[in-house]
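Protein sequences, first through last, are from chains A and B.
Sequential numbering of the first sequence, starting at 1, is according to our numbering.
Sequential numbering of the second sequence, starting at 1, is according to our numbering.
Just so you know, the hints here were simulated from the structure itself, not pulled from any lab data.
Be aware that one or more of the hints could be misleading.
Because identical chains cannot be distinguished in the list, a pair is counted as satisfied if it fits within a single copy or across any two copies.
Straight-line C-alpha distance at most 25 Å; calculated PhoX-like pairs for lysine-lysine [what the hints assert, rightly or not]:
1. K267 <-> K253
2. K86 <-> K30
3. K59 <-> K482
4. K253 <-> K301
5. K301 <-> K249
6. K253 <-> K5
7. K519 <-> K110
8. K144 <-> K236
9. K228 <-> K136
10. K86 <-> K581
11. K72 <-> K5
12. K141 <-> K240
13. K581 <-> K141
14. K240 <-> K112
Protein chains: 2
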Amino acid sequence: PLQGKHDERSQVFADLSRDEYLQVQQYMLKQKDLDISTLQTTKPSQNFLFLIDLSLPKKADVLGYLDGKSSKPVREATAVVFHGTKGHIKEYVVGPLPNPVYHRDVTMEKYKKELPINARILPLIEYVLLFSFVEKEVFSKLVKLKKESFDIGQDNNLKAFYQMPPGVKSGDRKTWISFFRDLSGMYIHPVGFEVLVNHESVNTYDWRVERLLYNGQYFDTVEELKQKYDSGSVKKIVFKESRNYGSLKPQRKPLQLSPQQFYAEGKRFSVKNNHILYLDWSFAFGLSSLTGMRVFDVRFKGERIAYELSVQEAMSVYGSVTAGMILTKFLDSSMGIGRFAHELTRGVDCPYDATYIDTYRYIDMEAPTRYRNSICVFEHNMGQPLRRHFADFFHNSYGGMVNSALVFRTITAIGNYDYIWDFIFYQSGSVEAKVHASGYISSSYLVNGSLQFGHQVAENVLGNIHTHFINFKVDLDVLGVKNVFQTKDMEFVNMSLPWMPEHYAMIPQLVEKQLQTEKVCYFLSSCTPRYLHIASNQTNRWGHQRSYRLQVVSFAGEHLPESQPEERAMSWARYKVAITKHKDTEQTSSSLYSQNDIWSPAVDFSSFIEDNESIEDEDLVAWVTTGFLHIPHAEDIPNTVTVGNGGGVILRPHNYFDEDPSIQSADSVYISPG
Amino acid sequence: PLQGKHDERSQVFADLSRDEYLQVQQYMLKQKDLDISTLQTTKPSQNFLFLIDLSLPKKADVLGYLDGKSSKPVREATAVVFHGTKGHIKEYVVGPLPNPVYHRDVTMEKYKKELPINARILPLIEYVLLFSFVEKEVFSKLVKLKKESFDIGQDNNLKAFYQMPPGVKSGDRKTWISFFRDLSGMYIHPVGFEVLVNHESVNTYDWRVERLLYNGQYFDTVEELKQKYDSGSVKKIVFKESRNYGSLKPQRKPLQLSPQQFYAEGKRFSVKNNHILYLDWSFAFGLSSLTGMRVFDVRFKGERIAYELSVQEAMSVYGSVTAGMILTKFLDSSMGIGRFAHELTRGVDCPYDATYIDTYRYIDMEAPTRYRNSICVFEHNMGQPLRRHFADFFHNSYGGMVNSALVFRTITAIGNYDYIWDFIFYQSGSVEAKVHASGYISSSYLVNGSLQFGHQVAENVLGNIHTHFINFKVDLDVLGVKNVFQTKDMEFVNMSLPWMPEHYAMIPQLVEKQLQTEKVCYFLSSCTPRYLHIASNQTNRWGHQRSYRLQVVSFAGEHLPESQPEERAMSWARYKVAITKHKDTEQTSSSLYSQNDIWSPAVDFSSFIEDNESIEDEDLVAWVTTGFLHIPHAEDIPNTVTVGNGGGVILRPHNYFDEDPSIQSADSVYISPG
Ligand SMILES: [Ca+2]
Ligand SMILES: [Ca+2]
Ligand SMILES: [Ca+2]
Ligand SMILES: [Ca+2]
Ligand SMILES: [Cu+2]
Ligand SMILES: [Cu+2]
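Chain A on its own, in the form it takes in the complex:
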């Protein structure tokens, strides 16, 4: 029996409906001067409506509306057009929904610069064109080599993997395409052949092969490779059948079911539209095609704790001796994190009895598409008591409570990797954002020198060393938007003992600081104090500032040196936690355009703090980076397991309440003898 009530106002955060996507699409098509196509066959030289997504209203407008002080903000969409005819990309805001009558070019306003056409991510059509380009310009000319080395005849059944970013400087669109066998989990079946294609021009007839890599040897042209191969001056790859070690098919019949969870007395949470109620919690949710899952207006016992908690970016930097992967730096939000939130498998991805929610998206497609069961929500027994005490001195008694919490989850399979994203709502007033990695590793063909960059994980296959860095946006609003940022830690001090003053001892003291401006060393991971707090100036019953603490769990590797031209596109990863003054114009730490114009990124997070604004009594946003260093090993075959491969942040009340709120939970248990 839920006690709270759903709030229709949550829909201010709702993703666009199928109908709203269609309305925006049709509106954009009607703008004849834009000359837009929505067909997936639209050529790079034409104008393609790549993305339609919700345009979030300004925070102040939303807060006014949520708090009953102003009317509902206008509902708008963002439309991204790749203007192949003009050599640039435009972002338009289209509104009002559901029946748009206006559009406005917001590119300059949002990014303070034009977006060159080559900053665009590859639309599906470009992958198709590149593949046929390589088929025609490369494979068709290497009949003998491809037969002997890869066992392919007329039909090229190799699979291509496109390394990113495409080049070494702004404007480059030179992609190393690596080839893999057509087996389960192609990512771990490299054949040892890579081709560098220059596709800078929107006209495919300008494209050209710039280099080839075969079995660790580089060639300038297909002809050079062919000639040297035929003349025997090349170290050859000789095709060998290989086991389908990437297969995920069960090798044993099910023996006996694993333990199952069930709701003996029904669900204690409720989902209505994009609003969720769970015991003392309520929140709105959405799924951005680009950044992925997010929740808004997170309240506990009716009090707003966070305005927004969202996934921002998943980044990986690879090491390799072979061409494609040397430069590989993936910025998944450009590819689209939410875009790849596919159907969840009952009983594996989420418990069988979870509530599954459909989502709709419009990204690189001709019509909005429904993704069935792409979000799941469930209450779970976390396997431990939330709190307990057994008293055996003086009075025997026991008090405790099971840790039963609500999990809000999506899983995004972006090419090889699957990220499992969880927001967990605990009865003690904590919220946790967690990410775990699974899926296939990225691999390369083993050549001389490879082992400096990873371990061999299969026949001729190197699992390349790489980092995983994940960025979350945590817009806590602790009793309103005016907050301060505080740190707490310990320090040993030499103290004289009060009852024997001649005796000194080192005693731990509490050290508290309030930080004044955005640009403070303390944010850097190397000197992070142990406790980080977003605090209100209001105090709890005991006179302490009410706060939420950010506890980061991370096993991150080393961040790319700032000397590198690609670093500014991932400058959020410099900081374990960075605190900025909230701005509607600083909505995300990364962008759709960061992957392919990584050298001149549309969003450089470090600029958010470069102006070094005051963070005292301001609306603060914490940007939290977590991750792990991944040195692949044999057990990453076929898939990386989630155990130990993750990170996250726990938002914990710290003097926010006057006592632990879980003491009020109806799940509390107390036992006393007699």
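Let chain A serve as the given structure and place chain B with the ligands on it in line with the hints.
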């Protein structure tokens, strides 16, 4: 349908049975020359049989037996006698069980020195004697003060908490006794009164009050306090009724059950004697009264991975401005960690359907005692897939597997704190050792200067800042006992791109090292490489050394400076991970005698590595330290919650196998369209 078989040989690790305890007790009583008493009323000046526990056989003997190469090692017990008549403590090995005929004083052999009587932990009798001493020498003389300040009349119903260690140097036995109200969770109801008692002598008539602390003011004698109190020159505490805020009684009626777990097709694990089978796993277990829970001969698919995984110590260092807690440094294994493993509550401490196991102990009691349901074992859905991949490019398919794992758990309520200890066995071949804290914080009465050492958490109550450091012993045996210790990490190196050599970029490389001797900087927490491995010289299919990786999860505070005389008793906490060459004589990192003779500890872990032995091709033991800094806050009232308050270590196969062993699991799921 379990496929493995139980192994009777596991009983070489079994705790003593009720009968074995009795046999040892009777044997010891028969040794007239030892003049031992087993009564709980035994005075400090007499000889008290404090502890009987299993004496673990030598590892080589056990391995010979387990591997079928030698006969069963003799079963022996350790008996600890507090020889009040002689001023020392003795450890005897008594054997052979079940019918002992010999005993041997092993004190010098084990500790290389005599154990002075004041190194003993307080037996229950001493608490009783101290309490009546204080009643007689202090409270009975302060009739007016105790009535006005604490509302107590004839019957002193204050509760006492004994701060440790008792003094500032070896030989000291001067305990600050703090007083608390007789309310639920007395630990958070300090009254502001502490008494320093010198009880160095085993004769209670030598005991004396050395100092008193009342409301932040110190007094040399009871008379001084009484006189100044009566004359009004003391800042008084005026009794005020206070809410029973430590109560754990539910404040609301149960509404609706939280989700429950059940074994739809029965349990997939089996417990027989002290041996557990779970899918591919098997292990023996025990519960030491002192160090707590431990498992031995841990095997996966029949292959031994660890000889021993055990809890060693739980330590806390407190900060305070008030006398008792200024010096407080708890070493729980002296108090006895396993000793306080009490009955677990079904449905809260462990799932309702878990298997519960009884244990027997003999520590500070007159007869062996059964602790019903003090260990639980259950398989749990960990709330996430163990691995999964959804393929949407090229071939649509899904493969995955739920993360269902076995949890082996005890919970030890040592005074105020409850530690939840978990060993978790995953289907991917990983084992995790985890600890979480719950229960009551230790608190002190709020006086001037208190707030430098914590936050106020209730009326006149300070939650004192403190550290939690936990030590685990991890004796991995990777394909036998001869192993090496390796580290792996990343490092950016400036590389010229092979296809455009004039262009340089910083690329992450794999950096591997093998460490030669025990005393290497890398073990220190400040310079720990990201990957730590215990490796065999045998290689997997891909030519890499088969290894297990130690992944430590810790939020530890600062370790006590080495300058402090108490530090050597906790020197294990200097290292996040320390590697030593295995020795039967270096069985534990701490000892029963470390708490009360903290300045001259019976075991100084740092000496294990001081001899700087080779750790190449030796039997290696990893000593892992985890923990967290605890700055108590209002939400620690009434109990600390487990969310975020823990740490642990994951032991993960890393090139140990040729591929992920979970691919063989019958829980694997595969879905393909059509
Ligand atoms: Ca700023
Ligand atoms: Ca905020
Ligand atoms: Ca040694
Ligand atoms: Ca070993
Ligand atoms: Cu990875
Ligand atoms: Cu604590």
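Status of the hints after comparison with the structure:
1. With identical chains, the CA atoms of K267 and K253 are at most 25 Å apart between copies only, with a shortest distance of 17 Å across copies and 32 Å within one.
2. In this assembly of identical chains, the alpha carbons of K86 and K30 lie at most 25 Å apart only when taken from the same copy (19 Å versus 101 Å across copies).
3. Only within a single protomer do K59 and K482 lie at most 25 Å apart by alpha-carbon distance; the minimum there is 13 Å, versus 62 Å between protomers.
4. In this assembly of identical chains, the alpha carbons of K253 and K301 lie at most 25 Å apart only when taken from different copies (18 Å versus 47 Å within one copy).
5. In this homomeric assembly, K301 and K249 come within 25 Å of each other (Cα to Cα) only across copies, at 20 Å, whereas the closest approach inside a single copy is 46 Å.
6. For the homomeric pair K253 and K5, the shortest alpha-carbon distance between copies (21 Å) is at most 25 Å, but the shortest distance inside one copy (46 Å) is not.
7. Proximity of K519 to K110 under the C-alpha cut-off of 25 Å is restricted to the intra-copy arrangement: shortest distance 23 Å within a copy versus 56 Å between copies.
8. For the identical chains of this complex, K144 and K236 are intra-copy neighbours only, at 12 Å inside a copy versus 99 Å across copies, given an alpha-carbon limit of 25 Å.
9. Proximity of K228 to K136 under the C-alpha cut-off of 25 Å is restricted to the intra-copy arrangement: shortest distance 20 Å within a copy versus 102 Å between copies.
10. For the homomeric pair K86 and K581, neither the shortest alpha-carbon distance inside one copy (36 Å) nor that between copies (70 Å) is at most 25 Å.
11. Proximity of K72 to K5 under the C-alpha cut-off of 25 Å is restricted to the intra-copy arrangement: shortest distance 19 Å within a copy versus 67 Å between copies.
12. Within a single copy, K141 and K240 get their C-alpha atoms as close as 22 Å, which meets the 25 Å cut-off; across copies the closest is 94 Å, which misses it.
13. Proximity of K581 to K141 under the C-alpha cut-off of 25 Å is found in neither arrangement, the shortest distances being 58 Å within a copy and 61 Å between copies.
14. In the homo-oligomer, the alpha carbons of K240 and K112 never lie at most 25 Å apart, since the shortest distance is 54 Å inside one protomer and 64 Å across protomers.
This entry does not satisfy hints 10, 13, 14, going by the numbered hints stated previously.
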